[in-house]
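K.L.:
Please construct the entire structure, taking both the sequences and the accompanying hints into account.
Residue numbers (the numbering used here), protein chains in the order written: chain A, 1 to 348; chain B, 1001 to 1348; chain C, 2001 to 2348.
Since the hints were derived computationally from the structure, they do not count as laboratory data. Positions of the beta carbon are idealized from the N, C-alpha and C atoms, including for glycine. Do not take every clue at face value.
[To be verified] Here are a few chain A residues that sit away from chain B, every Cβ distance over 12 Å (derived from the structure):
{"hint": "1", "residue": "Gln7"}
{"hint": "2", "residue": "Thr25"}
{"hint": "3", "residue": "Glu127"}
{"hint": "4", "residue": "Lys161"}
[To be verified] Derived SDA-like pairs: lysine to any residue, alpha-carbon spacing no greater than 20 Å straight-line:
{"hint": "5", "chain 1": "B", "residue 1": "Lys1196", "chain 2": "C", "residue 2": "Lys2196"}
{"hint": "6", "chain 1": "C", "residue 1": "Lys2193", "chain 2": "A", "residue 2": "Asn170"}
{"hint": "7", "chain 1": "B", "residue 1": "Lys1330", "chain 2": "A", "residue 2": "Arg322"}
{"hint": "8", "chain 1": "B", "residue 1": "Lys1326", "chain 2": "A", "residue 2": "Glu329"}
{"hint": "9", "chain 1": "C", "residue 1": "Lys2193", "chain 2": "A", "residue 2": "Arg171"}
{"hint": "10", "chain 1": "C", "residue 1": "Lys2295", "chain 2": "A", "residue 2": "Val319"}
{"hint": "11", "chain 1": "C", "residue 1": "Lys2313", "chain 2": "C", "residue 2": "Ile2302"}
{"hint": "12", "chain 1": "C", "residue 1": "Lys2295", "chain 2": "C", "residue 2": "Lys2313"}
{"hint": "13", "chain 1": "C", "residue 1": "Lys2196", "chain 2": "A", "residue 2": "Arg322"}
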Amino acid sequence: MKTTLGQLAELVVGTVEGDADIAITGVAGIREARKGQITFIANARYGKLYAAGTKASAVVLADDISAGGCRAQLLRVKDPDTAFVKIADHFAPEPIRYPPGIHPTAVIADDVELGRGVSIGAYVVIEPGARIGDRCIILPHTYVGHYTRIGADCLLHSGVKIRERSTIGNRVVIHCGVVIGADGFGFNIVEGKHVKIPQVGTVEIEDDVEIGANVTIDRARFGKTHIGRGTKIDNLVQIGHNVWVGETCIVVSQVGIAGSTRLGDYVILAGQVGVGGHLDIGDGVTAAGKAGITKDIEPGQIISGVPAQPLDKERRMQVYVRRLPKAYEKIRELHERLTALEEAAKND
Amino acid sequence: MKTTLGQLAELVVGTVEGDADIAITGVAGIREARKGQITFIANARYGKLYAAGTKASAVVLADDISAGGCRAQLLRVKDPDTAFVKIADHFAPEPIRYPPGIHPTAVIADDVELGRGVSIGAYVVIEPGARIGDRCIILPHTYVGHYTRIGADCLLHSGVKIRERSTIGNRVVIHCGVVIGADGFGFNIVEGKHVKIPQVGTVEIEDDVEIGANVTIDRARFGKTHIGRGTKIDNLVQIGHNVWVGETCIVVSQVGIAGSTRLGDYVILAGQVGVGGHLDIGDGVTAAGKAGITKDIEPGQIISGVPAQPLDKERRMQVYVRRLPKAYEKIRELHERLTALEEAAKND
Amino acid sequence: MKTTLGQLAELVVGTVEGDADIAITGVAGIREARKGQITFIANARYGKLYAAGTKASAVVLADDISAGGCRAQLLRVKDPDTAFVKIADHFAPEPIRYPPGIHPTAVIADDVELGRGVSIGAYVVIEPGARIGDRCIILPHTYVGHYTRIGADCLLHSGVKIRERSTIGNRVVIHCGVVIGADGFGFNIVEGKHVKIPQVGTVEIEDDVEIGANVTIDRARFGKTHIGRGTKIDNLVQIGHNVWVGETCIVVSQVGIAGSTRLGDYVILAGQVGVGGHLDIGDGVTAAGKAGITKDIEPGQIISGVPAQPLDKERRMQVYVRRLPKAYEKIRELHERLTALEEAAKND
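P.N.:
Take a look at the structure:
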């Protein structure tokens, strides 16, 4: 598939600096790109580092960013991110289609309500009492438990496991290997042994949530574990029983959230963050990667470290620690000067 | 399902303060509860924070905890945790039953020994030489490898993968997506390449263990990886080859334990703890969340931090670090006072 | 299976100190070993700790390591690691064989190209356009997406999920529950909502890679996520979209690598390391467990800590912090001595 750079400029409403007639055959990262491909410079740092060395034939970049010695043709745009999504889409292979229909090997209980236009793959199992909304796509080896309700236009990839009585909204995307509704982790010590606390609650996932591969979201002890509308969860995240995640949150890979904690809306937890149980994380909180959150966090805070504290405090603390060698030197110096003075005073 | 508060008081042997005749329709957390529901106050902090604001019609709490301005009816008990489990159980939906029987799609090798009353779900695969104990429930898409032996009354949820020659005790619960018996991670460098060390050992899980969703427990290089009786493992935990976990341990979500490490009995590892290889963690050790354990730990210690050290030491260290700005100020002050003295001495 | 110690000495080209005629029945760790078994001492520390107490009948150890009071027969060798692999292999149970053939329940699209001698297990699903190389073994419940190409002699364990258009090299081993090619985690905020950035790239795994259980490797936003030849990845690792991992790397359990980061060759990331996005990690870098890498790392560095810095710097910093109580004492002392001098000066 060949397209001229000029045609791409039209597509993204940008301006070509250089030869608009060259043929572009595909997209690639700035360091991987080869002749004939178009790449992009997302930020000034990238431009400085890699623009001069790229083998791409053309580069998408913002109006105000230097091309940094780049010899490729330039395509100037207002918003390179959005422009590049459009261009990547243009060259993207045809997405895989899953036509409506039910694979003959799917084991679907008699009383399951299936919406119109659903696509159910090979070896899917849907237990009694479940309900699947219109146009859902459920790929091979996925399991839907008893009485679980899934809204319309959901995409469940291969090998998803959703336990009984869960509720999934509309347009939810669940990636391979996700487990929803496993028992919460709760035990009472009775006579020196851990006795399981029944986990009789459920999980509720609202509309437009996306859940990454091999994520685990536990069912509630009672009541509901809740994931709010529009929240996006990356791979291998753990969400404990009775956790409440607000709307439009971003939960990056390998985050763990312990039982009964509440996240507000627009919370961002970067990779490998850990959040203790029974905490309140306010709206708009952002936690840096690997933060360990051990107490309630006020709305809007940016936090970092273990235990997590405001980012500027954490950074200052690190500066103070890095200054320690100098401080110890200074203390030694003061000691010596003081000793000299003491000696002098003695000799007076 | 309606029950009066008085009936619940009888169930949990408690005392009503207020109207024992009100109807209770279900349970919920103190912040989610609505009219007609009963909730509970597990500790004084929760009471202070949320008791006054709850919309629950009744609250279970310990005899010695203040109701903190709560307007709901009170149900006083000795042990609110246990009482609430009973009440939640009372209102819980009927648990899902998996009647005995073998789904026609299960692929079970001819020589597999199946106990009495087993329930084998759709698309389960059981390889030659395996043995399944009485009354085991094995849910759809689960795989049991060659010569693996599973005791009685186990529950294997959907999509569990148990590799060959593993041994599982009685009453073991294994949640969705768990992988038991994958090869340990061991390579020798030979001529600049990683050459796999054969992992010819097995995994042994004792009675009454519970294993959370998507956990991975590797088989031993030789000998056995061992999980002791009554130990409970949360989601997404990694247990390396030849690890020995004692009895009645609690291993919280996303913990990683490297190869050949030994945990005693009653060890508690909180979320995201990492334990290095070839270490000895004594009986009754408790490690705080995100601790990084790099050396042997004596029995009974409470540890925290990276590298992990006794909790009180770690806390004091954090206090010392937080005091640094003041210390630096003090050093400046000493410098100035000393300089003044030196000047004065010079002028004498 | 019984073998004399002398026969084992021949096998590994070693020397017996003691009785070469005793019968050896199997291998075990130095602490688990019982009478009749052979064990090994990998390093001097182990020797000191456990050699005297082992119940093994024989011990493999290097020529230059003390037997530390061990009463077992000794088998001296140059390289105990390699020798013990050979011995463990000798006693290992027959490995499970998966004879060529296609299980009748496998659902394989008509146009899939299957190599010679493949073994396809029960309930495997292979989508249209896929290609499977010679002698591949694909175990039950594994899913191979549209147009995915798998080289020769690969072993895909049970429950692996490989999404569309991925490329897998030769002799690749993929453990249970691995997810390859799930969408990268990328969203643009549009009018206060997260809008998915299409992830139209692929994943490319080179020859001789091994991937641990429940690992997730995301497909690229465009272009490829790349795992280089001979790299070994442990369980529960997350590799983000567009990550480039070089050759012969070791990525230990629960590591997370954020999008678009590049690892050189021979990089070692220990357990639970986190690597930020868009970073360059040079050839031969080693990161200690739980390190948090936030900037580019020069080749050959050994790093540790959060944020990660050279290991010696990190260690010194920890020493400085541990010295704080003494420093504070010293500051107090200086203050007192100075005050005394000031008083004396005033009285002069």
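K.L.:
Beyond 12 Å from chain B, beta-carbon-wise, is A:Glu127?
P.N.:
The assertion about A:Glu127 is violated, with a minimum of 8 Å to chain B.
K.L.:
Taking only the CA atoms, is the gap from C:Lys2193 to A:Asn170 under or equal to 20 Å?
P.N.:
Status holds; Cα separation ~16 Å.
K.L.:
Just checking, A:Thr25 versus chain B, shortest CB gap more than 12 Å?
P.N.:
36 Å, holds
K.L.:
Does A:Gln7 clear chain B by more than 12 Å, comparing its Cβ with all Cβ atoms of that chain?
P.N.:
At about 46 Å from chain B, A:Gln7 clears the 12 Å cut-off, so the statement holds.
K.L.:
Are the Cα positions of B:Lys1326 and A:Glu329 separated by 20 Å at most?
P.N.:
Between B:Lys1326 and A:Glu329 the Cα gap is close to 17 Å, so the pair holds against 20 Å.
K.L.:
Keeping to a limit of 20 Å between CA atoms, is the pair of C:Lys2295 and C:Lys2313 held or broken?
P.N.:
Holds. C:Lys2295 to C:Lys2313 sits at ~16 Å (cutoff 20 Å).
K.L.:
Has the given pair, B:Lys1330 with A:Arg322, been kept, meaning a C-alpha gap of at most 20 Å?
P.N.:
18 Å, holds
K.L.:
If we take the beta carbon of A:Lys161, is the closest beta carbon in chain B still more than 12 Å away?
P.N.:
At roughly 4 Å from the nearest Cβ of chain B, A:Lys161 sits no farther out than 12 Å, so the non-interface label is violated.
K.L.:
For B:Lys1196 and C:Lys2196, compute the direct alpha-carbon distance and say whether it is at most 20 Å.
P.N.:
With Cα atoms ~40 Å apart, B:Lys1196 and C:Lys2196 exceed 20 Å; violated.
K.L.:
Take the C-alpha atoms of C:Lys2193 and A:Arg171, compute the straight-line distance between them, and say whether it is at most 20 Å.
P.N.:
Satisfied, since the Cα-Cα distance of roughly 14 Å is no more than 20 Å.
K.L.:
For the pair supplied as a hint, C:Lys2295 and A:Val319, confirm whether the alpha-carbon distance does not exceed 20 Å.
P.N.:
The hint holds at about 17 Å.
K.L.:
Regarding the pair C:Lys2313 and C:Ile2302, is the alpha-carbon distance no greater than 20 Å?
P.N.:
10 Å, holds
Figure legend: structure checked against the earlier numbered hints; hints not met, in rising order: 3, 4, 5 and 13.
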